[in-house]
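**Q** Sequences are here, hints too, so could you generate the full structure?
Protein chains: 2
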Amino acid sequence: MPENKEKIAIVGLGNAGLPLAAVAADSGLAVVGVDINAERCRLINRGLNPIPEEAGLGELIAQHGGKNLVATPRFEDAKDCSTFIVIVPLFVDQSFNPDFTIMESAVRSLGKILKKGDLVVLETTFPPGTTDGKVRAWLRESSGLKDGEFFLAYSPERIMTGYSISRLREFPKVIGGTDEESGFRAYQVYKKFIANLHLVSSAKVAEMIKVMEGCYRDVNIALANELFKICTDLGIDFFEARDKANHEFCHIHLPSTGVGGHCIPVYPWFLIKEMEKREQFSFCQLLSASRQVNDEMIEYWAEKILRACIKVDKPLAAVKICIRGITFRSGVKEFYHSRNLALAKLLTEKGLDAYVFDPLLTKDDVEKKGFRYLEPEQADLIFDPFHLTFECPEREAAGQVDRRQV
Amino acid sequence: MPENKEKIAIVGLGNAGLPLAAVAADSGLAVVGVDINAERCRLINRGLNPIPEEAGLGELIAQHGGKNLVATPRFEDAKDCSTFIVIVPLFVDQSFNPDFTIMESAVRSLGKILKKGDLVVLETTFPPGTTDGKVRAWLRESSGLKDGEFFLAYSPERIMTGYSISRLREFPKVIGGTDEESGFRAYQVYKKFIANLHLVSSAKVAEMIKVMEGCYRDVNIALANELFKICTDLGIDFFEARDKANHEFCHIHLPSTGVGGHCIPVYPWFLIKEMEKREQFSFCQLLSASRQVNDEMIEYWAEKILRACIKVDKPLAAVKICIRGITFRSGVKEFYHSRNLALAKLLTEKGLDAYVFDPLLTKDDVEKKGFRYLEPEQADLIFDPFHLTFECPEREAAGQVDRRQV
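Residue numbers (my numbering), protein chains in the order written: chain C, 1 to 406; chain X, 1001 to 1406.
Because the hints were derived from the structure by calculation, they are not lab data.
Computed footprint of chain C on chain X; a stretch qualifies when at least three of its residues, placed anywhere within it, have a C-beta under 8 Å from a C-beta of chain C:
(1) 1167-1180
(2) 1193-1201
(3) 1211-1217
(4) 1223-1230
(5) 1233-1239
(6) 1250-1264
(7) 1269-1277
Here are the simulated lysine-lysine pairs, DSS-like style, with alpha carbons at most 30 Å apart:
(8) K368(C) to K320(C)
(9) K277(C) to K1304(X)
(10) K304(C) to K1277(X)
(11) K311(C) to K1277(X)
(12) K112(C) to K191(C)
(13) K112(C) to K7(C)
(14) K277(C) to K1311(X)
(15) K273(C) to K1304(X)
(16) K304(C) to K1273(X)
(17) K1369(X) to K1350(X)
(18) K1116(X) to K1079(X)
(19) K369(C) to K320(C)
Backbone N, C-alpha and C define an ideal beta-carbon position, used for all residues, glycine too.
**A** The following block contains the structure:
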């Protein structure tokens, strides 16, 4: 790695961190990527991309891996950097409280190599106040530095799996400091590799911006789900109505089996839990209702599936139902809070003859998740949770049904 | 009126009907406007515009009033028309059930002059199913015609007071028939004066489209209100966060004292009430929560006002509070479901020394509404419900406060 280049460290080379590291390296910065996964680091240093579904990432890793972008499992290898970007996952527990275990461990490890005058920027989506609260405390304790001896800022990742590189290159990105100097320094560093960068007044505002976006999505997906149910009950084609209702001032979303993944279903809870702590019990009525509407969609679809089963010429318990897809969204092999997996589980628990097929999973994968595998052609009824469509292979062969929504 | 022109009747020359009539007349159609208000009809026929706040309407009325657009209080004057557009108001009762009194009366009067082969198009926002249900029944009964002997369609007005002419000329407008022939005929007539016209599969779909738009607005205003409360509690500037959160996929609305007027706060109830009738009690959780969040905003603002009062150097009961605006929105002299009026009432009922000033109202108007009038300069505390700002004239004079939000 050339010695005269500005050196930054990126802690966490996951789905969000690696594209960021690759873009920074491509902008001419010398990047040290720190990740506990040593095998992943070896791959990257050999120029091999561990996230093939990320468009454009392969070329960047091939070009910069082991050169401008050096991956390492050891924090010490990053000790001569002066900017540290932390982008490791934050999960929530069963009660939707954030679980800071991984984050705290990463931040404390970083603290041990932190020097006077260094800058730390967090990218993981946080409950507002976390950077200047918990993260600052961990850094102070582990580094032995005092407040004011290091700079601290926040810039939420806004990527979307599969589109991360173009998002980083084009999409607006916000950044805010825990104080004015931190914000200014963080902006200067990020400006070197982020074109559409916006400095906001504080780290807390930047944290809130990301959470608000998630809330907007969750609420509007819940609205789409509610309007879909109402339209269907009234005999109205929701998709036709939505198509003509939407215009420059109206953005009705698409219905679904609910909302899964690590982001949208989690962020509203950051605010709901915080407002509960502050005893502002009436401040999250809509956010709470949205979570409930979205999570309950699997019951709506279970009922639809049951109704479709009745049309099959077999005793109910003998109708082979195939759920075609249990990942949380189409094309992404992730199961966190997947409503499609929850739907398959619900049908199984109700004693129906339910099976699973998923284009991203082998028979073995499906069985390891506790489901029975079935090729869709063997089923009496197929439900596609990504298109919300039903198929009935035998009746279709006989020309009895079309494939439209039930 | 030239005899060779195609003649259409527009029933209802109110805020929505008159701009439509003027645009149709301007497109070369001969329009008979029917309105029970004889004085309004006389004005129009003399080329005088009764809605001066409607940009561009004055010129059209001056040009076509009494010529291409003839207004009359008598349905008989429209009897040689073959297309009848009905655009009269629909109100809701205290329990938010639609009150069809005016609509039924207008439709039944129209039925009496309806001839075989005539086309009727409704424009008033309706609970989905109304055109092909109640309206068809009233027309059949009052005309003596059978189904199939007249054509019936629906095309929701999508205007916005002040922008109606440009909306009619540019904005997409949908139209749907109660049967295929009705839809086709209605489309042909409307195409003569609406440029951006879209035929949808049924009157019911067209009805739902308009209601869905209102629901989108209500839910997203409720979300903005909820996020505003949360931000304020967390010490975050909502407006800064919103400005940077919004982008091509995120459209967070503006907070307010709630939602008033005849449209947005009413339309969600069309669906809530219908789903209650159908015993689908879980289908409107979000729509109900949004109504509640928006209606309860006056309590939030009352509390804010109280807190601001505490900062004034006077006993609480002696602080002269001025609510600067009680119309449902700025610049429109309408009070239906006005949350600003409700806020002034709430403060008065709580025994505070509350007064009202409204730029659109005289002292006498204010007093007739049951409030005490006060010039803002005489108040100790002014709340502006349109900008959500507080002013404290005396403390400001002393340089003690700025005008930002409390």
